[in-house]
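Protein chains: 6
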Amino acid sequence: MFHHSAKLQYPVKVDKPNPEFAMLLQQAIGGIEGEIRVAMQYFFQAMGARGDDRIRDLLMSTATEELSHIEMLGHAVALNLEGAPVSYQEATAKDPIMNAILGGANPRHLLSSGLSAMPVNSNGVPFDMSHIYATGNVAADMLANVTAEASGRVLASRLYNWTDDHGMKDFLSFLIARDTYHQQQWLAVIEELGGLGANLPIPNSTPEDHEAMQHSYYYLNTLLDKEAPKGRWGEGPSFDGRSQFSVRNQPAPEGQEATLGMAKEKSGAQKDQIDPSK
Amino acid sequence: MFHHSAKLQYPVKVDKPNPEFAMLLQQAIGGIEGEIRVAMQYFFQAMGARGDDRIRDLLMSTATEELSHIEMLGHAVALNLEGAPVSYQEATAKDPIMNAILGGANPRHLLSSGLSAMPVNSNGVPFDMSHIYATGNVAADMLANVTAEASGRVLASRLYNWTDDHGMKDFLSFLIARDTYHQQQWLAVIEELGGLGANLPIPNSTPEDHEAMQHSYYYLNTLLDKEAPKGRWGEGPSFDGRSQFSVRNQPAPEGQEATLGMAKEKSGAQKDQIDPSK
Amino acid sequence: MFHHSAKLQYPVKVDKPNPEFAMLLQQAIGGIEGEIRVAMQYFFQAMGARGDDRIRDLLMSTATEELSHIEMLGHAVALNLEGAPVSYQEATAKDPIMNAILGGANPRHLLSSGLSAMPVNSNGVPFDMSHIYATGNVAADMLANVTAEASGRVLASRLYNWTDDHGMKDFLSFLIARDTYHQQQWLAVIEELGGLGANLPIPNSTPEDHEAMQHSYYYLNTLLDKEAPKGRWGEGPSFDGRSQFSVRNQPAPEGQEATLGMAKEKSGAQKDQIDPSK
Amino acid sequence: MFHHSAKLQYPVKVDKPNPEFAMLLQQAIGGIEGEIRVAMQYFFQAMGARGDDRIRDLLMSTATEELSHIEMLGHAVALNLEGAPVSYQEATAKDPIMNAILGGANPRHLLSSGLSAMPVNSNGVPFDMSHIYATGNVAADMLANVTAEASGRVLASRLYNWTDDHGMKDFLSFLIARDTYHQQQWLAVIEELGGLGANLPIPNSTPEDHEAMQHSYYYLNTLLDKEAPKGRWGEGPSFDGRSQFSVRNQPAPEGQEATLGMAKEKSGAQKDQIDPSK
Amino acid sequence: MFHHSAKLQYPVKVDKPNPEFAMLLQQAIGGIEGEIRVAMQYFFQAMGARGDDRIRDLLMSTATEELSHIEMLGHAVALNLEGAPVSYQEATAKDPIMNAILGGANPRHLLSSGLSAMPVNSNGVPFDMSHIYATGNVAADMLANVTAEASGRVLASRLYNWTDDHGMKDFLSFLIARDTYHQQQWLAVIEELGGLGANLPIPNSTPEDHEAMQHSYYYLNTLLDKEAPKGRWGEGPSFDGRSQFSVRNQPAPEGQEATLGMAKEKSGAQKDQIDPSK
Amino acid sequence: MFHHSAKLQYPVKVDKPNPEFAMLLQQAIGGIEGEIRVAMQYFFQAMGARGDDRIRDLLMSTATEELSHIEMLGHAVALNLEGAPVSYQEATAKDPIMNAILGGANPRHLLSSGLSAMPVNSNGVPFDMSHIYATGNVAADMLANVTAEASGRVLASRLYNWTDDHGMKDFLSFLIARDTYHQQQWLAVIEELGGLGANLPIPNSTPEDHEAMQHSYYYLNTLLDKEAPKGRWGEGPSFDGRSQFSVRNQPAPEGQEATLGMAKEKSGAQKDQIDPSK
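Top to bottom, those sequences are chains L, B, W, A, Z and C. Numbers 176 to 453, taken from my numbering, label the letters of the first sequence in order. Numbers 176 to 453, taken from my numbering, label the letters of the second sequence in order. Numbers 176 to 453, taken from my numbering, label the letters of the third sequence in order. Numbers 176 to 453, taken from my numbering, label the letters of the fourth sequence in order. Numbers 176 to 453, taken from my numbering, label the letters of the fifth sequence in order. Numbers 176 to 453, taken from my numbering, label the letters of the sixth sequence in order.
The following block holds chain L by itself, in its conformation from the complex (with noise of 0.2 Å):
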């Protein structure tokens, strides 16, 4: 069950109102890379949790973090949206807000929202649901956390890099700190499982005769203008310990030509593809 406070988890102040820089934050509430991404990823892998109590209890526990940091992205937002003109008198009088409004800005927190934040990223786009990774397969969803926090603290990074509002800056320093350490939390909980090594291949729990073994070992060059390139890929033991990794380069089809014949009567083909004795 979820519980609220009414102060936000860390402080945040916006020096100088830029309506340009809350439609760039929109991609750290609504993006790919955002927040509401990280929040239900974590929030559905923890309702499907199986095997040790203790990863569902970290997984619910940084969802409702992540939750938190919606609620100051969001109001980080609205705060760069005050002041943004809502008529035309009001904007042609000051013209460099007017272009940033009409120009550099997201039209629908004019039209919309009035002048707060919505679920969308930087070019307007609704985050959609499919975005939330949760396989069943801790491993594989440790990698996608660690993913998600990687691509969030690079976007952090870059919204830093374009602003030059202080209280902005303090903000995202916060939150480049805390994707910082959720990378490794994630990672934490792969060495709990015994490391990645042991882990590997995701599923481990694919039985060996499952599988095409002559083809799991060696990188295809499918290049035809260019030698594999040389590195850890191609040569040496493989990290699961089970085999070397080789390189094929320039491989040939192994299969059949792949023909359908003729269609079905009925199938709604044209006359020239059905064979009517089908």
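If you're looking for bench data, these hints aren't it; they were derived computationally from the structure. Among the clues, some could well be false.
The list treats identical chains as interchangeable, and a pair is accepted whether it falls inside one copy or across any two copies.
[Unchecked claim] Below, in silico cross-link-like pairs of lysine to aspartate or glutamate (EDC-like), each with a Cα-Cα straight-line distance of 16 Å or less: (1) 446 / 339; (2) 191 / 339; (3) 401 / 432; (4) 344 / 384; (5) 446 / 366; (6) 188 / 400; (7) 188 / 345; (8) 191 / 345; (9) 188 / 383; (10) 344 / 190; (11) 188 / 432; (12) 405 / 366; (13) 191 / 402; (14) 191 / 257; (15) 344 / 447; (16) 405 / 228; (17) 191 / 447; (18) 188 / 257; (19) 182 / 340; (20) 446 / 340; (21) 188 / 450; (22) 344 / 366.
With chain L's structure known, arrange chains B, W, A, Z and C on it following the hints.
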């Protein structure tokens, strides 16, 4: 530039066509764990790859292999749909198949595609290209790729468990094997980049003074009725070697209450919300 | 800032797991009538709330409760999926359940989520955040909220009618009750704002000279073969006290024919469409 | 059956074409507050209307009027795009318009539609028919319709405030007027059904024993650091006449901890998650 | 401006309600081959039509007819859902229908729409307005329209084959007939424009010096293991009368290797990717 | 099976990087007129091709070429983004570029992709695979392909007109040329199938007794205030040789009024809508 052989990468045989399994296989084509996703993800990462050119070549070469996997799966779907009923007379004559088509199968295999594969998942939801994750940060992208191959191998294993068709089991064992390797391949890139530790936190190019580091290494336990679960995430050195992990239980908010005051005139709010002086 | 208790808001029990009902319950999680929608709608409305701070607190507090409803539903889905078959051998051994999984159940509960809840509706379509309605106008938002709770209670009632599981009926009777209250709660906000009449037309801050009021109070009957249906919409005083309702039958157009003339050169049209002088 | 007059419902004039305003107007066509939405919502509600046939006629007749609104807006967009530059030479010759097209305008008006309207919102996001709300419950649907007209009039008022084009202001004042009436019209239906009170809780056909009524009339204050805001939602008789409102502050969970135990074999989980006996 | 008759364009009867067929019919409403698509496509093309006004009138008039087709299909879906079970008791009493609802039918017909039509396809995926193709180029649009009517008639024929309900067969034979005519109608427009040859290549207003015409008339056979298939595409005069077709087998790349070099500082890349001088 | 050359199909040069043009070029990658669409459309049509195997080979070979077009466009986007500012200091130092990035450019090129191409259109909306049209009917598919190439060439021509970069103009003239050929190529397939007339109506395999042929050859003029426009669509022989065209002005409905009666008990309707005997 791309080229094509008319033959498939690996033989695809179906012993007994099964329209229900055709529907399930769609997840491996147009699902978020599927082959369109990895083909396009590696392709777009390759087109944006900056830095070591070997990694660009790996990405493009593997994107090309994944296109060949889509091709095999598309053939597998069409073969499973051979012989499905297309008219009422036919269907009522053989009840179990009618139930299959209408109940356990995708009706659009009959109505829209003329008994062949579509770029949709097993619910019939079309693949959406927002799932192509390509950040321009090589470490974030490699983790996204290991994640994609992990969920792909989970899916292929589940499909293997579900079918009892020998042709399909053989084909899926090949996909399972390639997913094994591709997990290893992207981890090998991280090793070539100095190992995961050297790449943390991602992005490792963010200056430390952009980060509120006092918030970078503690686990925040937002659960009110339980202590933080004990584990590596709460103690010991951080994986990037910069600090030690710790725990904060039941944290209190540090920020302000997030109030916005009154709305602007002409902003489309109700009269009660508006401060006429604003 | 959000917090969490590990215990659920209300007990969730399933007497007899039923993968078909798991699929139906998804509508209450990721459907447009579902709990993600109301949780996020109230959350975003709260973050943009201007004016009376009590309403902001109501919105945030209720958003928090709705998150707890998602959590209970997610648990209910997972409990209903306990024991679902994951392999062919198992499935063919108990035919009715196999039919359930392949026919009346969501295949992604098997293939994608590992037998747990997903943020999708009962067709497997992911929830899309464009359904979060938050306009910055408190009256429009309160009506949107009553509407959401009305369709939510319709859904919960239909689910109640469908199942005969005592645990599920008990849980749904709780959701039905909370939907009853939340309808009342948002209507109570309108009463606090002076009642619906005082808030019409929404937005009530639009000056009358922005409105062609001669067109504001007639019912336009565009039906060619029937008179306008008789009722309150065509007679009596308007609810905002500004005018009387009337009816216009089979109205004629008042505007011009909408022709655009020729296309511009270099606009990508066909030669026949282009006026070279333009 | 539908019919058409070549003339518009109301005159649409543009004094000075403005590609930026064309982009903003798209919100009224393809936005969730726009005319495609109401036209299609009333159309689908009409096709599913059961009960009083007068309501079906109202719905279909008004759907027809809203189609005429789309038509006028589509013409308004095309007129605003007249004279927009389509080539670099032309654009650089008149800088401000080039900035308009590239900065504050929708590039697809140039690239995709050949300077005419599209079924998208002001961010260029296509309208998605999931926004057609039609539940089969007349009270829920009428509230959805008042809501849609409320957000529609908020939008039209914001557009009116933004433009200084006399033609556009005249046209928008007509849309504002019709939105006024349509709010009233759907409220009049509720009055004909006995008034809002008689229709609560929606659906009013749910038997009381399907509802845990001890949970139907209290406000749940999930805020930890504030008392519940005082207001009508927490005291006085309920609007359906069945009970009295009350308040529960800082509620404790009543349910169990939501643990799922171990995963099944062959479910695609990691070994550590699996209970081999399951 | 639009008008409406309360009667349908053509009689719609259902002899024996069938919820499974209701689900299939949804493809003709909200599928990409369906009637919402053509109605809206012709409507938007009409609103943007520049050039010959007769074509605008054709487009708007036919858009209007297609709206009437949606209306008939919506009625057909509702009639097919009459008598579907809405409660468990009812369903278990007549097993085959319960299987229909849960297995071969759309659960949202029960849960969301109250047994009536929705703007979704046969998988329950909502129609998305990005499928409205309207380019401002009359030849491209006419081809898009023939295409839409072709796939529409394929769909109607498949539905006809599937059902054995006399009412439905009669209704579908009407839709098949109108799709026949509309294919012809849009081809007749091309004939009025001088025939297909005169309109090639589309757009025929592109100056020849904007085109690398040495690449305009050869078939590129990218297959490595087969010669180009022989046919009209590889020999004979081009259909626009400008050249002769030819074939290039197994073409070699003409461009450069696509490398991007190092990333910029502060671009969010990993250190290894960054050139500090950039 | 697919293969790759590291070199591009055709040289791609950018004389002067322009982030605004990068944004416009995205339409040719991820727009509905773009290269992902044709590549995937031909690929899926090939995988489902039944009948003449030459057509399957054409489809797969051309799908392969289109993949090479995506690759060139992706490189063009990245080259246009070279040198775009990534920090506030840099941006304010060169005002016009800052305006470009924030105003006329895609913010996600900065925030999400690290200055490289994404699978989105020029509004930043991701490509959605529902746009892959593949019906299993060869004539419908060929028309869909000509249509796709027509809108593709319209787009390339508009992009050519917009830019004044010599490198980009050269590259676009190549794409324009290939779009010319591909229009011809798919028309050549129709010629090989006997010409368009022999293939009408599509599907030409529908038996005549499935069609209410009395409705197959008249133009229905639903306009109330204008006669039908005169033209080939209303007179002369039909293109399939089966009949003569005619016109019906201001048609009257032939069907019944579409009423549904009362709702079922337990269907979630309001009491007023329910017939308790149902």
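Practice item. Mind listing which of the numbered hints don't hold for this structure, in increasing order? Key: Result: hints 1, 6, 9, 13, 15, 17, 19, 20, 21 and 22 break, sorted rising.
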